[in-house]
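Could you slot chain B onto chain A? The hints should help.
Chains A and B, in that order, give the protein sequences. Residue numbers for the first sequence follow the working numbering, beginning at 2 and rising by one. Residue numbers for the second sequence follow the working numbering, beginning at 191 and rising by one.
Derived from the structure by calculation, the hints contain no laboratory data. Treat the hints with care, as some may be off.
BS3-like, lysine-lysine: derived pairs with alpha carbons at most 27 Å apart [claimed, not checked]:
| id | chain 1 | residue 1 | chain 2 | residue 2 |
| --- | --- | --- | --- | --- |
| 1 | A | 102 | B | 482 |
| 2 | B | 325 | B | 484 |
| 3 | B | 451 | A | 102 |
| 4 | B | 325 | B | 387 |
| 5 | B | 445 | B | 500 |
| 6 | B | 364 | B | 387 |
| 7 | B | 484 | B | 561 |
| 8 | A | 102 | B | 602 |
| 9 | B | 482 | B | 364 |
If you want the ones that stay clear, here's a sample from chain B, every Cβ over 10 Å from chain A, calculated [as the list claims (entries may be wrong)]:
| id | residue |
| --- | --- |
| 10 | 301 |
| 11 | 335 |
| 12 | 365 |
| 13 | 369 |
| 14 | 559 |
Quick list of simulated restraints, FRET-style, between CB atoms [what the hints assert, rightly or not]:
| id | chain 1 | residue 1 | chain 2 | residue 2 | range |
| --- | --- | --- | --- | --- | --- |
| 15 | B | 627 | A | 83 | 25 to 33 Å |
| 16 | B | 553 | A | 167 | 46 to 54 Å |
| 17 | A | 45 | B | 290 | 39 to 47 Å |
| 18 | A | 39 | B | 276 | 42 to 50 Å |
| 19 | A | 52 | B | 327 | 37 to 45 Å |
| 20 | B | 285 | A | 45 | 23 to 31 Å |
| 21 | B | 606 | A | 316 | 33 to 41 Å |
| 22 | B | 516 | A | 83 | 27 to 35 Å |
| 23 | A | 167 | B | 285 | 46 to 54 Å |
| 24 | B | 251 | A | 131 | 25 to 33 Å |
Just so it is clear, CB atoms sit at the ideal spot from N, CA and C, and this is done for glycine as well.
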Amino acid sequence: MASQGIEQPHVQRPRGKTSSGGRNPADAGALTAYLFMAPYLVLFTIFILIPVVFGIWISLHNWDPLLPVRPWVGLQNYVDLFTPGSTTFGPFWQSMEATGKFTLYSVPLLVVIPLLLALMLNQEFRGRNFFRAVYFAPYVLGVAVVGILWRFLLSPKAGLVNYYLGTLGLPDNIPWITDLPWAWISLVGATVWWTLGFNAVIYLAGLQDIDPALYDAAKVDGANRWQRFLHVTLPGLRPVLLFVVTVTILASANMFGQSYIITKGAPGEETKTAIWYIAEQGLRFFKMGPAAAMSYVLALALAVVSVTNFALFRYRGD
Amino acid sequence: MGRRVTRQEFLLMSAGAGAGLAMAGCGGSQSSVQTAGSGKSYNGPKVDLAFWNGFTSDDGDYMRKLVEEFSSQQKNINVSMHTVIWETYYQQVPSAVTAGKGPDLGIMHIDQLPTNAARGVVIPLDDVANTLNLKEKDFFPVVWNAGVYNGHRYGIPLDIHPLGFYYNKGVMEKAGLDPNKPPQTKDDYMAALEQMKSKGIQGHWMSPLLFTGGLTFDALLYQFGGLLYGENGTDATFNSQEGVDALTWMVDLVKEGYSPKNLAQDDELTAFENDKNAFMWNGIWMLLELPKIKGLEWGMTPLPQIGSQKGAWANSHNFVIMNKRGQDPNKVAASKVFISWVSQRSAEWAKAGQVPAREKVRESQEFKSLKWQPIFAKELPYVHFTPPVPGIADVRYETLDPAINEAVLLKKEPEAALDEAAKQADQLLKENKQKYQGA
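The following block holds chain A by itself, in its conformation from the complex (with noise of 0.2 Å):
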């Protein structure tokens, strides 16, 4: 966007009022950008710049923002995380871990699903705006909302799914959110049905932007449907699809609400999540040093898992 700022002067000619003597167009036009650009800026260090450089200095103290003394500890909320045997280090990478297998289970479902779906919906056939309308429905009820039908529904021992499995002579005691790995697969199940509309209502955008001279062209070439979705769909959908990848992963790698209220982490506390217990260190037991030097960890694992995943996609490109 900056660039568009800036080229767009070279065709006007500098205004005549502004006497600024030999003043570059180019540079009103870099002037203009940072002036748009100023608003969020502004938002930007107040929520984010801030913060972050605030977190860091919390995460060097033992720091609990209801007691007068915040005593200075250096780095050692760092090492605990890293030190077998600390309050923080079982629960902290079981957590880092339940994120992890969740982000891998799901990310993939959440990326081929609904591309499988924007396809279907990007036909003609009649009732089109009413399924894409059905399909991308749950999105917008909230993660409680979401959370407290799926238990009521999952519940092993009261829940509708055994109950109705049982009616088909199918078994009817699997533990849907109290075992592994069914406890996964709702959770799964649930986070894909709760939000592939979103990604698909993304794909969908994509997938109107290609060209359809394209596809006429590849016809003719004598490509057959597979072979236009490999070299004519997926190509196109490139930035789309980097998009909704990274999205994706860290939509999933911020998971909470939903193994809170479904699995209520259970058992133990394998499906408890990074971000829920950093949470409940940091907002619960007003542990903060620990919970933003964890939460410095995460970010630095999603920065990397970002940065490969963006790198992968270039190299696919070139």
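Positioned in the frame of chain A, the structure of chain B alone reads:
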């Protein structure tokens, strides 16, 4: 960031500013507010009191009614009540108080008092107790004494709410048991479960979660003669032999098939309400819940004795006054009147299922004429609370509760689960001690 003014400095400044505030420093970082007035009536200028609590369910209606009645009787005091669910409450109140946006008074559970006292969220109420002339003998002693931390009183007890034994008469009848004779001893209890099992009924659904599995564990631990923590609150003792016995009994109910495996939150209740579960150990809050179910035939007694002695989990709601910058003595005086009034009217509050902490109210005809609450009151002699140590209420969430969860879900042996949890709990207690020592 500029350095924040500490609480002591702030109080010193406000004391220095005079302003008619008599804030006498007493005991470390705390200040007790002393005000005139008998606590019976209030004649000062008109004040609005913000009163926060976690009575978000039907119990809130009963408290709101009391608050409204009080406000309508008082010329110069208006109390406005605000409810937040308890879990959020203990996050919001401390933050709000620190930010200077807290309420004037509130309710806190007994095990939360030391934490909030150490954090300076609530102020000592020794003077309030004095003006209102409240003594140990006016209350149930265990709960009265548990409101003291570091030599100061921080809570005025409102109620005690123990765990009770609910039984589904319909299910008992179906299994050929006498629905009017709920088992009270271990032998009778096991015999009843066995008889139901022979009829294909799983009679005691054992929850793997804090509600109600964790509460059941506490009750059993007390019954076997154990306690959650050592007397000083510096070490976890829930992995004692008594603790292992308690958890083993719970796990065996699942292993022997008296309870289904893999229960989720509230499954035991849903099953009870739908005539699938016969026995349920649950809190007083069921008293407002169960009558809503049409056609459900149920009864309630004190918990059966499974261990070597009687024992029950319980908690208690206490009035607290929040630490405000520049405490308004008029508001404190008005708060006293409110606390005293509600405390005396707690028979009304008992209708929400609670057992009043106040002796006189418990002995009143009004309370005794209630159907179930006096039965809960019978459990008072053998309830236990955790030692008054800051941070102790949080420890179990990260240690004991996951251990119970894994054991009842048959993922881990009770002893191994408890030992591991106790090790982590000991460390957390040690960290807490260091942390709050500096406070």
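Hint by hint, work out which the structure violates, then give me just those numbers in ascending order. Violated hints: 1, 2, 4, 17, 19, 21, 22 and 24; rest satisfied.
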